[in-house]
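So the protein lines, in turn, are chains X and D.
Quick note on the numbering used here: the first sequence kicks off at 1 and runs consecutively.
Quick note on the numbering used here: the second sequence kicks off at 1 and runs consecutively.
Simulated from the structure, these hints should not be mistaken for lab results.
Since we're looking at a predicted model, the values are computed, not measured.
Some hints could be false.
[Claimed, not checked] List time: in silico SDA-like cross-link candidates among lysine to any residue, alpha-carbon distance up to 20 Å: (1) X:Lys502 / X:Pro489; (2) X:Lys56 / X:Ser164; (3) D:Lys33 / X:Asp735; (4) D:Lys73 / X:Asn357; (5) X:Lys832 / D:Leu26.
[To be verified] Which bits of chain D does chain X cover? Going by a derived footprint, with three or more residues having C-beta under 8 Å, they are: (6) 2-10; (7) 105-116.
By construction, the Cβ of each residue, glycine as well, lies at the ideal position given by its N, Cα and C atoms.
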Amino acid sequence: MKKLLNSATRFLTISLALILLLTVCIFSFLAFFMSGKSSETISAVGTTYMTGMGEKVTQHFATTIELRLSQVDSLVGSIPPDSASASSLRAELARNAKARDFVALAYYSPTGEFDMIYGEKPVLADPDSFLASMNNGDKKVAVASIATGQKDVLLGVSAEYLMSDGTLSTALVASLPADYIADTLSLYSENSLVYSHIIRRDGSFVIRSGDAFRENYFNRIQALFEEQGESGEQYIRELESAMDKGEDYSALLVFGSERRHLQCNKLPYSEWYLVTVLPYGELDQAVSDLSHAWLYLVFLGCAVVLLALLLVFWQYFRLLREQMAELEKARKEAVHANKAKSEFLSNMSHDIRTPMNAIVGMTAIATANIDDKQQVQNCLKKITLSSRHLLGLINDVLDMSKIESGKLTLNMDQVSLREVMDSIVSIAQPQVRSKHQQFDVFIHDISTENVCCDSVRLNQVLLNILGNALKFTPDGGLIQVSLYEEESPQGEDYVRTHIIVKDNGIGMTPEIKEKIFESFVREDSARVRRTEGSGLGMAITKYIVDTMGGTIDVESEQGKGSEFHVTLDLQRAETLEEEMILPEWNILVVDDDQQLCESTTSSLKSIGVKADWALNAEKALAMLDQRAKARDNYHIILLDWKLPDMDGIAAAKEIRSRFGDETPIMLISAYDWSEIEAEAKDAGITGFISKPLFRSTLFYGLKPFVNSGDTHEELQEVKCADFTGRRVLLAEDNDLNWEIANELLSDLGMELDWAENGRICVDKFEASPVGFYDAVLMDLRMPVMTGYEATEAIRSLDRPDKDIPIIAMTADAFSEDIKKCLDAGMNAHVAKPIDVREVARLLEKFINERLYRT
Amino acid sequence: MTLQECYAAMGGNYDDALGRLRSERLVQKFVLKFLADGSYDLLCRSLEEKNYEEAFRAAHTIKGVCQNLSIDKLQASSSRLCESLRNGYSPEADALAEEVRTDYGQTVAAIEAFQKESAG
């Protein structure tokens with residue numbers, strides 16, 4: 001795992017480094033490429049711009065010169081040579097020329113002499129070509145110096161005027177200041193980068209602008225290159241050859257760090273060339289600012305991307321590490337579970353072998369001593385114990401395998417919490433007695449006794465927990481079971497039921513406490529080695545509670561004891577509870593537990609009985625005394641068996657001796673009273689009521705006193721109801737069984753009819769008037785038609801009383817059989833051998849329920 | 001021979017039976033009636049005819065009767081036979097049937113001895 005993590009880390013680190021490198025490379029390349037590209041683009045833009053610019057300036061020049069030439073032409077046209085006298089001609093021409101802003105006007109002789117009409121006399125820079133053009137009758141532009149040192153541009157148009165020397169002129173020449181041309185053509189402007197010169201073929205300036213001060217443009221170029229220690233020869237040659245060919249020329253001059261764009265165009269009407277220059281200095285600055293900004297942005301972007309990458313990698317790495325840790329944990333858990341299972345298997349094999357060995361060994365001993373009855377009995381007893389233990393182990397393993405394969409389901413049914421508590425209390429009693437443990441059951445705040453639950457599984461849960469408490473609590477220890485209800489957050493149809501089992505036994509170490517609900521774990525130390533069990537009990541319990549949607553919590557301290565707290569949200573069962581009302585008696589409850597006293601008095605109150613309570617015998621005696629004096633004796637006394645000052649039996653003796661035998665005294669106890677029954681009766685105890693004291697427990701326990709003024713009731717008869725006039729159909733194929741049942745049940749006052757098999761049972765029922773029978777007792781295994789089939793047949797009859805209570809009676813008591821009975825439509829199930837009280841209880845319950853319903 | 005001794009002889013639990021039937025008279029009445037119960041004959045016949053379904057039911061009935069009368073020994077063996085026949089014939093059924101025969105013989109012998117003595 002470590003190795004895997006390391007190699008993953010290495011891979012991640014290397015790929016991260018590579019990706020970082022790649023990113024940096026790509027971004028750098030992008031930056032430099034784009035920077036190069038932008039300067040190329042600037043050059044291309046420069047070329048395009050400059051070409052256009054040159055052409056435009058050239059055109060503008062042409063237009064300006066043409067305009068001026070046409071003005072001169074129009075002078076000649078409007079004032080023809082023979083229209084007036086020579087002097088008036090001159091005055092007329094001067095006036096017109098001045099109006100057109102010409103600074104000077106002169107006749108030009110065929111020999112090249114100026115006859116000034118006005119203005120200063122110019123000196124031509126290149127008189128020959130100008131004269132030749134003039135004599136040729138062309139229009140021409142030339143530049144000339146004047147006395148002030150300024151330059152003028154001369155515009156010549158052929159015209160034959162009579163000059164002052166009497167000869168005829170060859171042309172009329174008008175002057176404009178050179179600055180006018182420069183301004184008109186915007187050859188140089190402060191706001192523009194671009195500036196232009198006009199030069200001649202030999203490089204000399206016609207019009208100079210900007211910072212140029214030399215007389216020759218070629219020299220200027222040469223000088224600019226030489227400043228940087230380079231030669232501009234090549235450009236000059238190219239420029240000259242382009243001039244010779246009369247072509248435009250465009251070039252990028254690079255000297256030092258400076259770049260300038262040069263554009264050269266031939267100007268019309270002259271021997272001039274327009275040189276337009278664009279220094280890239282400022283543009284370059286702008287471009288380099290742009291590329292700097294671009295570079296910054298690129299690197300910033302790069303940094304952000306890198307950061308993001310790092311973050312992603314880091315996160316990924318963290319996730320990976322977490323995953324690895326999870327994986328490792330899962331692996332360990334799996335290994336642990338596997339190990340636990342193997343250990344469990346080996347322990348279990350050992351555990352199974354031990355009772356098996358006992359069974360085998362005891363069987364051998366018994367066989368060897370087959371005539372020694374005592375010995376054989378002893379052996380059989382041990383075999384019975386061992387086989388029970390073995391069965392318990394195997395049941396647990398089967399349950400667990402059901403759970404592990406997800407096959408454990410709940411059979412929801414109506415359950416009476418009273419019955420559940422009664423049954424676990426009665427199961428716990430023998431163990432409590434044999435270990436001399438103190439055992440107590442508390443209930444309070446019971447709003448609903450009947451709930452919907454899987455009774456078998458609920459019993460299993462409680463027995464598991466209680467069994468553990470009994471098992472792990474040493475002799476003389478204390479075990480308490482509490483049950484109470486409160487409102488459920490799931491709504492009014494539900495009731496939250498708390499069951500707490502608390503002991504002061506050996507308790508658990510925190511490690512065991514943590515693992516107690518895990519499968520296949522058992523505290524395997526010397527102190528519990530002698531205790532039995534598969535170690536699956538609590539896992540099964542937890543699973544069942546979970547399946548029921550409840551919770552189970554455990555508090556425990558080694559040496560101090562444990563407390564299990566089961567919380568279930570159970571649905572309230574829809575039963576019509578028998579209206580439980582007793583006469584308005586005064587009852588005294590004597591118990592050392594105040595909560596029990598309060599809860600009992602409130603339960604009694606709810607069934608119409610007034611009750612007082614006392615926490616000890618002394619107080620109780622005082623209260624009895626008071627009542628006796630007021631001649632308002634209590635009707636019944638409920639007395640706890642264990643009281644702080646004297647036990648219940650002694651208290652009863654005391655009461656009997658002081659107040660006589662009038663008032664019935666019921667002993668309340670969670671213990672099995674069979675052993676103390678005789679002693680109790682001698683002490684004057686009238687009867688017993690078993691804890692926990694549910695409302696119905698109290699009602700049924702006290703009901704026998706309703707009609708009997710006589711206080712000494714026969715204990716056994718307490719729960720047997722009167723069935724006089726009830727008719728019950730009994731399906732049973734065996735006549736001996738029938739006779740026994742008939743004998744026993746007839747004693748309760750009911751009339752029984754015998755059906756020898758299922759078919760006869762259905763026929764008899766069908767033939768009877770509606771409502772004739774009150775219930776059917778049904779054997780399951782019968783010839784011709786089984787009890788299941790008979791039940792289904794009765795249920796499918798078209799009679800209003802087809803819902804008659806049907807109670808199964810069978811020698812099989814597997815839970816599958818019970819379920820099958822209920823599935824077939826029977827109401828309940830009792831196991832054989834026949835238990836009259838159980839049968840009577842069920843008959844009463846179902847007959848009454850049905851009566852209430854109708 | 002008292003009824004208790006009879007119960008001891010047939011491996012039953014007299015106290016249990018008395019607890020259920022509530023009087024010695026009834027216990028005696030039903031124990032004597034056990035001799036007339038036809039389930040055992042039905043069992044033997046069914047086994048001979050290899051009608052194991054019927055044999056199962058007969059064993060089941062014997063078990064039920066024994067439960068009611070607390071004849072524990074015969075109840076245990078008939079119960080085992082019953083289980084071995086629950087899903088049809090199984091190899092151990094023969095041995096178990098033999099056991100039932102022995103126990104039934106023992107039970108009947110005890111009851112007949114009791115009957116003789118109480119009659120005589």
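Status of each hint after checking the structure:
no., hint, result
1, X:Lys502 / X:Pro489, "violated, 25 Å"
2, X:Lys56 / X:Ser164, "violated, 42 Å"
3, D:Lys33 / X:Asp735, "holds, 10 Å"
4, D:Lys73 / X:Asn357, "violated, 24 Å"
5, X:Lys832 / D:Leu26, "holds, 18 Å"
6, 2-10, "violated (count 0)"
7, 105-116, "violated (count 0)"
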